[in-house]
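Asker: Read off the chains here:
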Amino acid sequence: MSIILNKNSRVLVCGITGGHGSFHTEQCIAYGTNIVAGVTPGKGGTKHLGVPVFNTVSDAVKETSADTSMIFVPAPYAADSILECAYNGIKVIICITEGIPVMDMARVKKHLNNLKSQGKNIILVGPNCPGVITPGEAKCGIMPGYIHKKGSMGIVSRSGTLTYEAVWQITNEGIGESTVVGIGGDPVQGMNFVDTIKLFNEDNETKSILMIGEIGGSAEEDAAKFIKENVKKPVFAFIAGKTAPKGRRMGHAGAIVEGSAGTHESKVKALKEAGITVIENLSDTGKIVSSVLKSKV
Amino acid sequence: MKLVEYEGKDLFIKYSIPTAKRYGVVKIGEDISKLKIDEYPVVIKAQVLAGGRGKAGGVKIAKNESEAKEIIKNMLGMTLVTHQTGGKGIKVEEVLVEKANDIEREIYISVIMDRKISSPTIIASKEGGMSIEELAKDKPELIIKMPVDVESGLMDWQARELAYKLDITDKSLFCEFTAFAKNLVKVFINYDANLVEVNPLIITKEKKLIALDSKVIVDDNSLFRHKDIASLPDRESSELEKEAKKIEINYIGLDGSVGCMVNGAGLAMATLDTIKLAGGDAANFLDVGGGANVEQITNAFKIILKDPKVKAVLVNIFGGIMKCDNIAKGIVEAAKNVDIKVPVVVRLEGTNVKEGKEILKNSGLKFEQADSLWDGCKKAVALCK
Numbered sequence: 001m002s003i004i005l006n007k008n009s010r011v012l013v014c015g016i017t018g019g020h021g022s023f024h025t026e027q028c029i030a031y032g033t034n035i036v037a038g039v040t041p042g043k044g045g046t047k048h049l050g051v052p053v054f055n056t057v058s059d060a061v062k063e064t065s066a067d068t069s070m071i072f073v074p075a076p077y078a079a080d081s082i083l084e085c086a087y088n089g090i091k092v093i094i095c096i097t098e099g100i101p102v103m104d105m106a107r108v109k110k111h112l113n114n115l116k117s118q119g120k121n122i123i124l125v126g127p128n129c130p131g132v133i134t135p136g137e138a139k140c141g142i143m144p145g146y147i148h149k150k151g152s153m154g155i156v157s158r159s160g161t162l163t164y165e166a167v168w169q170i171t172n173e174g175i176g177e178s179t180v181v182g183i184g185g186d187p188v189q190g191m192n193f194v195d196t197i198k199l200f201n202e203d204n205e206t207k208s209i210l211m212i213g214e215i216g217g218s219a220e221e222d223a224a225k226f227i228k229e230n231v232k233k234p235v236f237a238f239i240a241g242k243t244a245p246k247g248r249r250m251g252h253a254g255a256i257v258e259g260s261a262g263t264h265e266s267k268v269k270a271l272k273e274a275g276i277t278v279i280e281n282l283s284d285t286g287k288i289v290s291s292v293l294k295s296k297v
Numbered sequence: 001m002k003l004v005e006y007e008g009k010d011l012f013i014k015y016s017i018p019t020a021k022r023y024g025v026v027k028i029g030e031d032i033s034k035l036k037i038d039e040y041p042v043v044i045k046a047q048v049l050a051g052g053r054g055k056a057g058g059v060k061i062a063k064n065e066s067e068a069k070e071i072i073k074n075m076l077g078m079t080l081v082t083h084q085t086g087g088k089g090i091k092v093e094e095v096l097v098e099k100a101n102d103i104e105r106e107i108y109i110s111v112i113m114d115r116k117i118s119s120p121t122i123i124a125s126k127e128g129g130m131s132i133e134e135l136a137k138d139k140p141e142l143i144i145k146m147p148v149d150v151e152s153g154l155m156d157w158q159a160r161e162l163a164y165k166l167d168i169t170d171k172s173l174f175c176e177f178t179a180f181a182k183n184l185v186k187v188f189i190n191y192d193a194n195l196v197e198v199n200p201l202i203i204t205k206e207k208k209l210i211a212l213d214s215k216v217i218v219d220d221n222s223l224f225r226h227k228d229i230a231s232l233p234d235r236e237s238s239e240l241e242k243e244a245k246k247i248e249i250n251y252i253g254l255d256g257s258v259g260c261m262v263n264g265a266g267l268a269m270a271t272l273d274t275i276k277l278a279g280g281d282a283a284n285f286l287d288v289g290g291g292a293n294v295e296q297i298t299n300a301f302k303i304i305l306k307d308p309k310v311k312a313v314l315v316n317i318f319g320g321i322m323k324c325d326n327i328a329k330g331i332v333e334a335a336k337n338v339d340i341k342v343p344v345v346v347r348l349e350g351t352n353v354k355e356g357k358e359i360l361k362n363s364g365l366k367f368e369q370a371d372s373l374w375d376g377c378k379k380a381v382a383l384c385k
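Top to bottom, those sequences are chains A and B.
No gaps in the numbering here: position 49 of the first sequence is 49 in the numbering used here, and each next residue is one more.
No gaps in the numbering here: position 52 of the second sequence is 52 in the numbering used here, and each next residue is one more.
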């Protein structure tokens, strides 16, 4: 088992013909992802990278039974693309696009909540994220496939390259990953830490969990509470931004300490109190995870 | 994008939110002779992006023209240090001149994006004047939180409920307030704000409602659809930060001496933290982007080296989709384009890392190579001492 994505996922790419969409779709196909359709309005009926392109998500789902989507649509139109997927039968939406206005995402969340109350539970990952990979099965995103190795650690992160750094260390320790989920760096997003950790907790293949957070918001504190009450698997955490100046956005729209909220200190405190192993030095991630897991065997 | 008080109030005026009568804005090099002031006293307010201006001498009342002239002369050009400026000062380049009002009551009200529930939310308190942080600490029981539907805005019943909770019962004020609250939410939603704050909202002795101050932050990601906001001056960024922004490099100047070039925002943040653990301080945050091509690396070197505090540069790149040998070629070419006078430590990781390291070694340029992030940080910190 894995979470969110596996080799049977039938993936539709929104914005498949754009520069970014094109490049990464090719990489995903090379990794073994089952890409069944693309959507670019105005290009329906054509083929791109050997994949049939449709004008609308509705047509694509009807013809190909796609159940998962990966979005590369430019920021001004990306929220609309998420909603098009949500209203046309896609179950898992992975939005890579960076720079979507927060108000657009608030509207998206409202609609997803409405759909949920009608019994349609749609998973949204992102936006502004590297995507999801289940090593050895499929990848939907922009992460380099080769740094991953099929294994037992579930990893969830608000960042991109920072995750690759941690993944690489976990791979080199021989532990490997069950699924790696980039939930993205925006203040309003789809799945959060708690949603993802819940899935990892229920997944038999995931034996331990690594959470990579950063300053801003309170998602890490919420996760600490959830883990304390529900998770028996070993959990590790790294929080970036200890030295970030107050009130400045550190690259990610969501990485900002506002007043006394969202500090590194409060997150680390909450995590430690929940019995989570907090990694202080990123370079030690592999070593620490390895030694703690060995001591538990 | 952070707006100063009068820019925020310009948005308020467009949405019929009552503000104090404005006589004008005076910039450095100007005086008040251009203003037509028909009535004294007036309030003179420094237009800087920091709270706590009053206590720091950035808000003053003038009873007559000569007093006003004197105050404006002294305030323009002064360096304001408040509890929000982080020990440094901000130079006052503009002052706002408004009619002074007799205050009977002060109320706190703001609209924020509540990340937890992904929804705009009103935060209010019947006691205004102090910051929301102080309020949360001293009188948390007085803080009212009211989520607002992002598509419908503030509904009438919500506006009424808010008025009752804030003890606004006077009949004409009640109507003024409900209209005000609905309009404030409109400003927040229509301008894609991250924050719209009125502190204080006052009731005057004449029973009039006035937004006495404004704090507005507009979502940078939305500027493509707010040309009017995008054209306002960027007052938060330093000259170097503005220059970096123009060439699409995410750069934030810091106080240390280790210049940093990293791909990805999260890894960049973590690199700053690791430098600190290694006993040093970073001179900047810099995300060179996921692609890390020659042009971006060259530009990044140029920006980093413009900061005279930089004594060594640490390049930390995780070669993902782009392989390490290609990145190494980029670094070598960029280094040849830029005259680098400080030592450069390079830490590469990812595919083809061996080939990448060979390229750096054989380039004829003096790169100090590092085997891990920790090794790179230690080396860069040592070179700064």
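Check the hints yourself; a few may be wrong.
Coverage of chain B stretches by chain A, computed from C-beta distances (three or more under 8 Å per stretch; other residues unrestricted) [claimed, not checked]:
id : stretch
1  : 144-158
2  : 198-211
Sample of chain A residues lacking proximity to chain B, with all beta carbon distances greater than 10 Å (derived) [what the hints assert, rightly or not]:
id : residue
3  : 40
4  : 115
5  : 232
With a Cα cut of at most 20 Å, we get these calculated EDC-like pairs of lysine to aspartate or glutamate [stated by the list, open to error]:
id : chain 1 : residue 1 : chain 2 : residue 2
6  : B       : 88        : A       : 280
7  : B       : 329       : B       : 358
8  : A       : 110       : B       : 151
9  : B       : 378       : A       : 284
10 : A       : 242       : A       : 229
11 : A       : 109       : B       : 114
12 : A       : 242       : B       : 255
13 : B       : 116       : A       : 258
14 : A       : 246       : B       : 133
15 : B       : 378       : A       : 280
16 : A       : 109       : B       : 151
17 : A       : 246       : B       : 220
18 : B       : 323       : A       : 63
19 : B       : 215       : A       : 258
20 : B       : 2         : A       : 258
21 : A       : 242       : B       : 358
22 : B       : 276       : A       : 280
23 : A       : 287       : B       : 151
24 : B       : 311       : B       : 368
25 : B       : 116       : A       : 26
No lab work stands behind these hints: they were computed from the structure.
For every residue, glycine included, the Cβ atom is placed at its ideal position computed from N, Cα and C.
Asker: It remains to establish, for every hint, whether it holds in the given structure.
Answerer: Cross-check of the supplied hints:
no. : hint            : result
1   : 144-158         : holds (count 3)
2   : 198-211         : violated (count 0)
3   : 40              : 21 Å, holds
4   : 115             : 14 Å, holds
5   : 232             : 26 Å, holds
6   : B:88 <-> A:280  : 29 Å, violated
7   : B:329 <-> B:358 : 10 Å, holds
8   : A:110 <-> B:151 : 9 Å, holds
9   : B:378 <-> A:284 : 14 Å, holds
10  : A:242 <-> A:229 : 26 Å, violated
11  : A:109 <-> B:114 : 12 Å, holds
12  : A:242 <-> B:255 : 15 Å, holds
13  : B:116 <-> A:258 : 14 Å, holds
14  : A:246 <-> B:133 : 14 Å, holds
15  : B:378 <-> A:280 : 16 Å, holds
16  : A:109 <-> B:151 : 11 Å, holds
17  : A:246 <-> B:220 : 18 Å, holds
18  : B:323 <-> A:63  : 37 Å, violated
19  : B:215 <-> A:258 : 14 Å, holds
20  : B:2 <-> A:258   : 13 Å, holds
21  : A:242 <-> B:358 : 34 Å, violated
22  : B:276 <-> A:280 : 11 Å, holds
23  : A:287 <-> B:151 : 49 Å, violated
24  : B:311 <-> B:368 : 14 Å, holds
25  : B:116 <-> A:26  : 36 Å, violated
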